[in-house]
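If you're matching them up, the sequences are chains B and C in order.
Taking the numbering used here, the leading residue of the first sequence gets 37, the next gets one more, and so forth.
Taking the numbering used here, the leading residue of the second sequence gets 112, the next gets one more, and so forth.
It cannot be assumed that every hint is accurate.
Straight-line Cα separation of at most 20 Å, SDA-like style, residue types lysine to any residue; simulated pairs [as the list claims (entries may be wrong)]:
| # | chain 1 | residue 1 | chain 2 | residue 2 |
| --- | --- | --- | --- | --- |
| 1 | B | Lys107 | B | Gln59 |
| 2 | C | Lys265 | C | Pro333 |
| 3 | B | Lys244 | C | Lys541 |
| 4 | B | Lys92 | C | Thr599 |
| 5 | B | Lys262 | C | Gly281 |
| 6 | C | Lys265 | C | Leu155 |
| 7 | B | Lys92 | C | Asn597 |
| 8 | C | Lys282 | B | Lys244 |
Just so you know, these hints were derived from the structure itself, not from any lab.
Here are the chains, one letter per residue:
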Amino acid sequence: MPANSRKTDPSSQPTFVFKGTVQELKSATMKEVPVSARTIVVSVDQVLEAPKNLAKLGGHKITVQLSGKQKARVGQEMIFYTQGWIFGHSIAVQSINEEPIMQSKAHAALLSRGGDPVAHKRSREVSERFASADMVVSGKVTTIRLLAEAIKQSKAGTTPSRPVSEHSPHWREAVIEIDEVHKGKHTKKNVVIRFPASTDVRWYKAPKFEAGHQGYFMLHKTPIAKGTAARDAKGKAAKPEATEEVYTALHPLDFQPYSQQGGVRQIIEGKKA
Amino acid sequence: MPARKNHNASRKRAPARKKKDTARKSGRARAKTQKAQPVPAKVLIVNMIPKSLSGEDHQDSEPSIAVNPSNPLQIAASAFTPDPSEGPRAPIYVSTDGGNTWTLNSIVPSTVADGSVTGDITVAFGTSSNFLYAGIIRFPFPGERTRLNILRTKDFQSAEMMKVLQDRMGKGVDQPYIAAATFAAGSGKKKDRVYVGNNDFNADGGRTATIDQTLNGADTKPGFTTSRIESRPPSSQDGPPIRPAIHSDGTVYGVFHSWRSFNNSSGEGTADVVVVRDDKGGASPNPFTDLVDPSDHKSGIRVVRGAKFNFNGVLGLQRTGGDVGIALDPKNSDILYVAYNDDQPEGVYALHILRSTDRGQTWSPELKRVNNALNPAMAINTDGKLGLLYQQLAGAGANQQWVTKFETTTNGTSWSALTLAQVPANRPPKQFDPYLGDYEHLMAVGKDFYGIFSANNTPKKTNFPNDVVYQRNVNWETNTLLDIDNITPVGISIDPFFFKVAG
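Kindly generate the complete structure, drawing on both the sequences and the hints.
What follows is the structure, given as structure tokens:
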């Protein structure tokens, strides 16, 4: 992943946000959960933001390990900002933060917005990808090509110049004809994106571009090993590999077709407005 | 969870129904019925996806398993399963009741941006330390520079992230395959030896077959050393699978795929299957050089020479490229088996089994060959019985199936087979490579065998001739997976299955 994707620390971000009512203190819904003063049983009243696997937990009782910032009492209604922990017959989550329901505009807005909790999570993630991108453009893929290194390699012979692995990305380049630059600076009409053609577990989620693809591209500068000098004539790894920075769009949300509503389109239109 | 109609199969309930039916019969009829009933198979097969994740449809391939030898009720397992909450850690599977039920515990370092999952991952317990170790390819890594992590936890049920013991990137690594054992005697007595076979692209001269090891894995800061176990210059590098096997007497073996030729354009090549040995648990001055090939006087016996492979090859939806496996007799470190795959004429991908009874010096003729089978995993129990797990592509066209089989032998000539699963080979569609995994896993504790494989999860009794238990919601009448509401149908996917065969 691009270095820039680590500008914000997602490890502290909640991935499952819900409104719940405290049912039991010092308790758990599964025997596998080590019960402590911080573990409570909560009924999920309303799922506000969730991954697909947790989106249908409304009406279920789950275990929450409190963050330690708040005390809870039975019957109390709270908004829990959590990450997953143990998944078995039931679910246990670790709360990063929890807030008693208040008569505040923020809580009122959160609880009344309705809609799909999975879409809400995705929307937040698109915003994060936009924020971490070095450049955002809209345009059209005009050309897909092999790297110059790969062409040189195929002409040179059949001996691999780089390590052979199931996890090799099989880099390709996509040339994008730019309609508009929405973030960052770029004066040329085209920009080149490097993307993995590999369907390996490491790379399968990365967008696979084809000529004619049109939409929004959230580009991240990524350091990638450069050149073919990984080994000398004796196969010796003589010197450290040099790297080059290239633009990539490796996250599945980094490309959004024009035909798709919301997402990055909404962010861009919002900025224009 | 609220009480719902439960369509799940229950191995406990099924015999109860039989008992009730039988009770209605007369004594003579009952005797006949009982006589006609087959001997109950001593096998337990469990779909490992927990009930709370009934809606999941991810391709949970490439599984590994670790049974705690000092408490076989504790079992850890791994697969390409992402954290269901899409958080910053990847999960392992945890059972504390001998594999009957499973939970996911997200304690493996990962990142949200990279899908809350790991690359290749394998797990192993120390024999008596209760420490769980893992070798993983950790995300993220830049470009193709895959990142090796070796991890440890004292409590695999805790919420604490596994401790990173080793973190290496450089030019990258492939298939970290971990083995661990607490030695019974010698200088390493009561210490956890941890060995991680891996294809390390940092190696000079393309001699990438590597074992990273520590002689005291339970230490606060265990030091790892790197042994290049390839003694001959390969064509460009070695193949991905490097598998260690440990004996409690201090003997450690390794088997690897030593590439002799490789065509980067076609992916075709030839390889020797090489076995190395260290009689002092890797503590020798020149580790893994105790087995010398008499023909070239180099370390590592070439058990097979010139095996053909194709790194771009496929068998069904599963990629191929040359599998190897190894198993060591826990009662006698002289006895070991090796499995390997090669390409045969007419597109056959053949699995072969060989045996040595003299510490790897000489090898038997082929004991067994299975055509179009892969992912060999082997273990030997305390009775000297070999267990062999593999997945075979059988049939043709739309009726083609992946058949997962477990076979045993005590003499290498007479084999007893159990079919664990026989499922459609072309459904579900592939989400990514590898479809089933570049490996699966089998181990023995005492007389019992414990294994794990990944397969199509359609809840259909005929797919599992020796029965199966699902934790996730299913309807056995309509052969449908059901979501957490026990109503909404869920598409089929690849799931991990645990099995135990009593010895």
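To see whether the hints hold, each was checked on the structure:
1. B:Lys107 / B:Gln59: 14 Å, holds
2. C:Lys265 / C:Pro333: 14 Å, holds
3. B:Lys244 / C:Lys541: Satisfied, since the Cα-Cα distance of roughly 16 Å is no more than 20 Å.
4. B:Lys92 / C:Thr599: 11 Å, holds
5. B:Lys262 / C:Gly281: Since the Cα atoms of Lys262 of chain B and Gly281 of chain C sit roughly 14 Å apart, the hinted pair holds (cutoff 20 Å).
6. C:Lys265 / C:Leu155: With a Cα-Cα distance of about 28 Å, the restraint between Lys265 of chain C and Leu155 of chain C is violated, given a limit of 20 Å.
7. B:Lys92 / C:Asn597: 11 Å, holds
8. C:Lys282 / B:Lys244: Violated, because 25 Å separates the two Cα atoms, which is more than 20 Å.
The structure does not agree with the numbered hints 6, 8 stated previously, though it agrees with the rest.
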